[in-house]
Amino acid sequence: MTTNGVATVIRVDHVSRWFGSVVAVSDVTFDITPGITGLLGPNGAGKTTLLRMITGLAGVSDGSVTVFGQPVRDNPPLYGRIGVMSEHETVYGFMKGRDFVRMMGRLKGVTDLEAAVDKAIGFVDLADAAQRPMGTYSRGMRQRMRLAATLVHDPEILILDEPLNGADPRQRVHFQVLLRQLAAEGRTIVLSSHILEEVELLADTVLLIVNGKLAASGGFRAIRAALDERPYHVLVVSDSPRELASAVVQLDSVDAVNVDPDGTIVVLSRNVRDLQVELPRLAQSASISLRRVEPLDDSLESVFGYLAEG
Amino acid sequence: MGSVYVLTLRQLSGRWRLVIMSVLASMPVLMAAMLVRSDRAPSVEEFELVVLSGMLAGAVLPLVVLAVASTAFANEVEDRTLANLTLSPIPRWHIVVPKLLAAVSVSGPFVALSAFLTSYVAYNADLTATFAVTVSALAGVALYSSAFVWLGLVTTKAIGIGLFYIVLWEGYFAGFVSGIRILSVRYHSIALMHGLDGRRFAEENTLSVGFAVGASIVVFAGFLLLSIRRLRRMDVP
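First to last, the sequence lines map onto chains A and B.
Quick note: to get the working numbering, add 1340 to the position in the first sequence (first position is 1).
Quick note: to get the working numbering, add 17 to the position in the second sequence (first position is 1).
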């Protein structure tokens, strides 16, 4: 089983999942190969449900999920090859970090347990805190110790649901470095996120999930290019709206301009980056004061929605 | 299996749970001590009906076990930590059996001590009677544990449903409708008690010991298998 000559590790084949009348995932098909794959989509898009089906935690309503060619659901021997870090940050607060990683190693059947525990905890750089109960950890420390527990059995596949949630910028960078290192070792890493830039930084391949469907897939550049072509509405408030509107409409980056009766201008642009540069320059040269510049449809939902429609 | 057992033991040994169990377990002992010292001490039959059947086997035993066993899985489901166990390359029974054993290990000593002291006080240190009461109470712990562990896996309202079952089925229906007793853990325990010491519940129309033993095995194994099956099929949060 290969995808473009590369061995397929995870195959999701026409998978659907519904809860009563609610369709969480609808007829999704894709293959995952070694490297980092980002599952991108807004909150509630079905990413977690999809990941839970990939890990075997949840069953499918239709279709099939196979990992290394085997059905993943109710297949405990396969779980020794997979490491899963769910989005839920709950830990056994009474348990020391090291004991938690050791317990997970024991459950996963690790043979040289203490060495594996040392390695996993060292990898996430938490040796100093390993003897403290996890209830005393910060959010970021809990995430890292959970990652150590996920890695203790040296899994071939890592499935991480929103792994950077709640991490501060420093911890994010640390996490990203760790994940790149793991991917470079030949592992298959699937991570979900609702933050575009996060996936852009990490993933080789992106699967865009919107409303339970696979809206787009491929390299990040293709996704980003589609995003860049998207028309944006930008609200502009100034002290001379009509004068500004007639000047702005001349810009290459602007497709259309609409002046509302209340004097606000709505600019439609397919090149917001250029508009960001040109608009202040234009206002300055015309001695017009800009009071407010605000993107009107910059929410993630609208971005994802646009891609889904595309 | 040791890891799951130790983990569950720690999870089930919360301070408040232990306090509540201690209070519950001490009630039949105090009642027995008061009745023994009372001027109008009840007959053996009255004591057995009110304290052993009504209070110990009908209330304290199932309540203590419910407080422990129903949370063996429910806590993990609620905290969403159950995936730590179910995503391990071990058979599902390696998770269910140690959890059940841990539930019995936590509630068993409370119930056993309560049964031992209650019968020791009431029967004037008669060791045969004390042994019969204690062993049958422990059998009840095992049976209820198996049932309530399963209940904690199938519903998030295990405590409420368990209470309903204890009051309505074990307390009310089984108490008044003798035909239902073949499906009552409380009356299985009483039959075992009678089997181990024929003087106990001598006037009661108890189930036969052979039936009680057989039914107990079926109940225990049945709920154990149901729990394993449930863990294999459920969507783990």
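Derived from the structure by calculation, the hints contain no laboratory data.
All of these numbers come straight from a predicted model, not from anything done at the bench.
Where a beta carbon is used, it is the ideal one built from N, C-alpha and C, also for glycine.
There's no promise every hint is true.
Computed spacing ranges between beta-carbons, pair by pair [said to hold, decoys possible]:
(1) Ser39/B - Gly1384/A: 44 to 50 Å
(2) Ile197/B - Phe1434/A: 40 to 46 Å
(3) Arg97/B - Asp1414/A: 43 to 49 Å
(4) Gly239/B - Gly1384/A: 51 to 57 Å
(5) Asp1414/A - Val23/B: 36 to 42 Å
Evaluation of the provided hints:
| no. | hint | result |
| --- | --- | --- |
| 1 | Ser39/B - Gly1384/A: 44 to 50 Å | 46 Å, holds |
| 2 | Ile197/B - Phe1434/A: 40 to 46 Å | 42 Å, holds |
| 3 | Arg97/B - Asp1414/A: 43 to 49 Å | 19 Å, violated |
| 4 | Gly239/B - Gly1384/A: 51 to 57 Å | 40 Å, violated |
| 5 | Asp1414/A - Val23/B: 36 to 42 Å | 25 Å, violated |
When held up to the earlier numbered hints, the structure conflicts with 3, 4, 5 and fits the remainder.
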